[in-house]
Amino acid sequence: MIPLAYHRASSADEAIHLAGAPGARLLGGGTNLIDLMRKGVEQVSDLVDVTALSSSIEESDDGGLMIGAAARNSAVAAHPLVRSRYPLLSRAILAGASAQIRNMATVGGNLMQRTRCVYFNDAAGSRCNKRAPGSGCDARGGFNRYHAILGASPHCVATNPSDMSVALAALDARIHVSSASGTRIIALGDFHRLPGERPDIETVLEPSEIITAIEIPPSAVAANSTYRKVRDRASYAFALVSVAAGLTLRDGVVEDVRIGFGGVAPKPWRALRAEAALRGQPATESAFMAAAATELADAVPLSGNGFKIDLAQRTLAAVLTELSGDRR
Amino acid sequence: MAIRINGAEVQAPGDARVSLLDFLREHLHLTGTKVGCNQGACGACTVIIDGERVLSCLTLAAQADGRSVTTIEGLSADGALNPLQVAFIEHDGFQCGYCTPGQICAATAMLQEIERGMPSYVTADLAAERATLTAQEIRERMSGNLCRCGAHNGIVEAIMQVATERAA
Chain H
1 MIPLAYHRAS SADEAIHLAG APGARLLGGG TNLIDLMRKG VEQVSDLVDV TALSSSIEES
61 DDGGLMIGAA ARNSAVAAHP LVRSRYPLLS RAILAGASAQ IRNMATVGGN LMQRTRCVYF
121 NDAAGSRCNK RAPGSGCDAR GGFNRYHAIL GASPHCVATN PSDMSVALAA LDARIHVSSA
181 SGTRIIALGD FHRLPGERPD IETVLEPSEI ITAIEIPPSA VAANSTYRKV RDRASYAFAL
241 VSVAAGLTLR DGVVEDVRIG FGGVAPKPWR ALRAEAALRG QPATESAFMA AAATELADAV
301 PLSGNGFKID LAQRTLAAVL TELSGDRR
Chain F
1001 MAIRINGAEV QAPGDARVSL LDFLREHLHL TGTKVGCNQG ACGACTVIID GERVLSCLTL
1061 AAQADGRSVT TIEGLSADGA LNPLQVAFIE HDGFQCGYCT PGQICAATAM LQEIERGMPS
1121 YVTADLAAER ATLTAQEIRE RMSGNLCRCG AHNGIVEAIM QVATERAA
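Going line by line, the protein sequences match chains H and F.
Yeah, the first sequence ends on 328 if you go by the working numbering, and it's all consecutive.
Yeah, the second sequence ends on 1168 if you go by the working numbering, and it's all consecutive.
Derived from the structure by calculation, the hints contain no laboratory data.
Be careful, since some hints might not be right.
The following label-pair restraints were derived from C-beta to C-beta distances [as the list claims (entries may be wrong)]:
1) F:A1080 / H:E59: 45 to 51 Å
2) H:R193 / F:T1031: 43 to 49 Å
3) H:D232 / F:D1125: 25 to 31 Å
One side of the interface only, derived from the structure: several residues of chain F facing chain H at Cβ under 7 Å [what the hints assert, rightly or not]:
4) R1017
5) E1052
6) V1054
7) E1140
Computed cross-link-like contacts, SDA-like style, restricted to lysine to any residue with a CA-CA straight-line distance of at most 20 Å [claimed, not checked]:
8) H:K39 / H:Q113
9) H:K39 / H:R127
10) H:K39 / F:D1015
11) H:K39 / F:A1016
12) H:K39 / F:N1038
13) H:K39 / F:C1037
14) H:K39 / F:V1035
15) H:K39 / H:A124
16) H:K39 / F:V1018
17) H:K39 / F:R1017
18) H:K39 / H:D122
Here a beta-carbon is modelled for each residue, glycine too, at the ideal position from N, C-alpha and C.
Model the full structure from these sequences, guided by the hints.
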């Protein structure tokens, strides 16, 4: 038995102090952490509940949004400014998990959630370099339908499961973090690490730091945006492939475009190559497919997920076609 | 502090490891709330905390301290069935009944979400003040509650009937 203490932090400073103890972990909604503790994947002696910290969702001075890390996923998805200005974010959150879990989950916790790789989650019976560095990877030769085709390493092929983060990647969101020594801002694209030789280190967040807020800059392209998630059942399942995208056209030509992929990589995958290939191009399905192919050129399939390469390209083309609507 | 459960104040357990689900069932003997997967995949343990549906298996009882919890036992008074429960019976919204308390709790909160204007992944117009309740909307919004007997069609019909009656 591992004894457990529960604390409820009333301020960021208190949370930083409490989280500094060995074996302490921050607790948001608990939808991932409580499950992993029960499975023996996470060993925790002190839980620091941070849901009483800022959960406000407010317009920032530059016309963007500032979202407190303790905001519940469902509150963000339902917020009028998110629905009208950043529909891809609202839809990405609504595509994730179930209503019950979205009511519990916090945006800070969502950024920190662990992979759903079945071997990572099986502490008793599977090898996993992310859970037990150096032990090996059972996914590579096992059931890897849900695993990565981009950004993986010989040590780990697990995917990041977050839908919300895919939209945040496309939106150039910024993560505000605090520690005893001050505050800093991390671009969402830099926040999650690729696995390399250390798949156990998933973000650039230092152990002494806590996430306090997520800032979303104003975005004209986000007004015409959406999120599409392709999965093994219609709802309440993790993504095989997902696409977050925003698009603006002028006279049938792509003026600006933002693209994120989910379900294909160890981190929310910003498709900068596809974006660059599309700017100034006519908004045609063939141009969309060609840009998608550029992004997927380096894709490396595993034994059970080669279908994702075609699926990612077609999903992106379908989403951009939808966003082109009558404006082509 | 204490947890308010179906209107009654209860002291939270001393052991922080106790889930709200185990606290309800094993400590308070409120066995209406069911243990299904115990890992957030089935919805059988759904309860309502401060008006929001949540999974009691992934909630520590300590997290509910100072909050108000409603379980299936708190949704009807003196053994009388509420309209949603009656509709589940009329539409064969269950067979074995094991998932039913979670389904009823989830549907109760879901109807309030619709009234508050909460959109879903299948809502065509995110700007709409209130989603039009279709069978597709109900299926998406209730996807967190699995029924292994396959009574989903009856569940959707039951919820639709109650929503329609309320709107009338």
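Which of the listed hints are broken here? none
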